[in-house]
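Protein chains: 2
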Amino acid sequence: MNNRGKNSMNKGLPIVISAPSGCGKDTILEQLYKKNSNLTQSVSATTRAMREGEIDGVSYHFTTTDAFEKMIANGEVLEYTQYCGNYYGTPKKAVTDMLEQGRDVILKIEVEGAMNIKKIFPECVLIFILPPSMSELERRLRKRGTETEETIAARIAQARNELQFADKFDYLVVNGELEKAVDDVNTVILAEKMNTKRSLSLLEEIKKS
Amino acid sequence: MNNRGKNSMNKGLPIVISAPSGCGKDTILEQLYKKNSNLTQSVSATTRAMREGEIDGVSYHFTTTDAFEKMIANGEVLEYTQYCGNYYGTPKKAVTDMLEQGRDVILKIEVEGAMNIKKIFPECVLIFILPPSMSELERRLRKRGTETEETIAARIAQARNELQFADKFDYLVVNGELEKAVDDVNTVILAEKMNTKRSLSLLEEIKKS
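Chains as they are written, first to last, in the UniProt record's numbering: chain A, 1 to 209; chain B, 1 to 209.
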């Protein structure tokens, strides 16, 4: 019998992944979900109207402005933003429900927002994706060919600002080569599941066996 | 350029691996060295005479009783034992020299000895190998066919005692299936190298780039 598997079914791991723009976070996550089938992305809540084809609880958790603001006031939203007069955010309950089902939950959150998560959700693992160098980040932003020099300069300045928060994260993963970066993020997640503080119930089971 | 690789060349990771007898620690390590070529085992020091074919600094660091006792008094020995009137132990300097060369160093240390290591060597990562269950451990010990019922009972009792220290370790790895356990130990080592507190110089390099 695989006790490790049994234990990990009991409680999932909340994982925050942040990165300055241009560091390839979305591409890493896309590959990561293919590699690790126990990972799931948290479903956001929104106050905007449901659109055709959308499913409540899958596309979004649809809710009212009153309910959303109440959630904010009660510390039940991990992070949120406003766009076109509607709220978008990550309800804590949606995440804890998935964790209870034993799923490891990825929270894709802006660098500064990630700093707040640990206060609400202390068991989170925070992973920061780094560019191999600032010059390489600049080269990648320029390569897209879609942005003006001004936008590129603004993004680099923002990335430099966000890098000031990197040492507050638990792990630093360099996105030099995509495949290596995906492996590295997965390695961190798998290792954290073996962290003693997350395995105490497993230890008790073995002691009693 | 691989900044991660360059950084890891600067300073290796000290790793303590402990396990109750019968948990397959030696077999795991044997496979681990094949999988991860950056790992090296620390060379012990001894006061016994050099034997034919042995090489100083490779087989052992050969030294005198006076010198060994001086090392103990100065806290320069990570752990030691006496056998047939000679000292055997792990000199801190032998380990730090390898770490300086960027090698990750495995310290195979008894469970209780591991508790002292962190005092001398706070940057150590402590990994505890667990049996999948006590009944499986008993089955494995019995399967060897070389031990009396009395010895088996004594080993089980010792294992139960050693398990009391498991929650003082950083990571718990279950040796249910050998290949999985080897992968798990390697995963922990690779993840720890991305731990932010071990990657601050890398972060500074990237900020300056």
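Any given hint could turn out to be false.
Since the list gives no way to pick out one identical chain from another, each pair is judged satisfied if it fits inside one copy or across any two copies.
Here are the simulated lysine to any residue pairs, SDA-like style, with alpha carbons at most 20 Å apart [what the hints assert, rightly or not]:
id : residue 1 : residue 2
1  : K93       : K168
2  : K118      : K197
3  : K208      : S135
4  : K207      : D170
5  : K70       : G53
6  : K208      : E162
7  : K180      : N195
8  : K207      : T46
9  : K92       : L32
10 : K143      : D56
Calculated from the structure, these hints are not laboratory results.
We went through each hint and held it up to the structure:
no. : hint          : result
1   : K93 <-> K168  : neither (25 Å within a copy, 32 Å between copies)
2   : K118 <-> K197 : both (16 Å within a copy, 17 Å between copies)
3   : K208 <-> S135 : between (55 Å within a copy, 10 Å between copies)
4   : K207 <-> D170 : between (30 Å within a copy, 18 Å between copies)
5   : K70 <-> G53   : neither (28 Å within a copy, 76 Å between copies)
6   : K208 <-> E162 : between (47 Å within a copy, 14 Å between copies)
7   : K180 <-> N195 : between (22 Å within a copy, 16 Å between copies)
8   : K207 <-> T46  : neither (46 Å within a copy, 36 Å between copies)
9   : K92 <-> L32   : neither (23 Å within a copy, 40 Å between copies)
10  : K143 <-> D56  : neither (38 Å within a copy, 56 Å between copies)
Violation of the numbered hints given earlier is confined to hints 1, 5, 8, 9 and 10; the remaining hints are satisfied by the structure.
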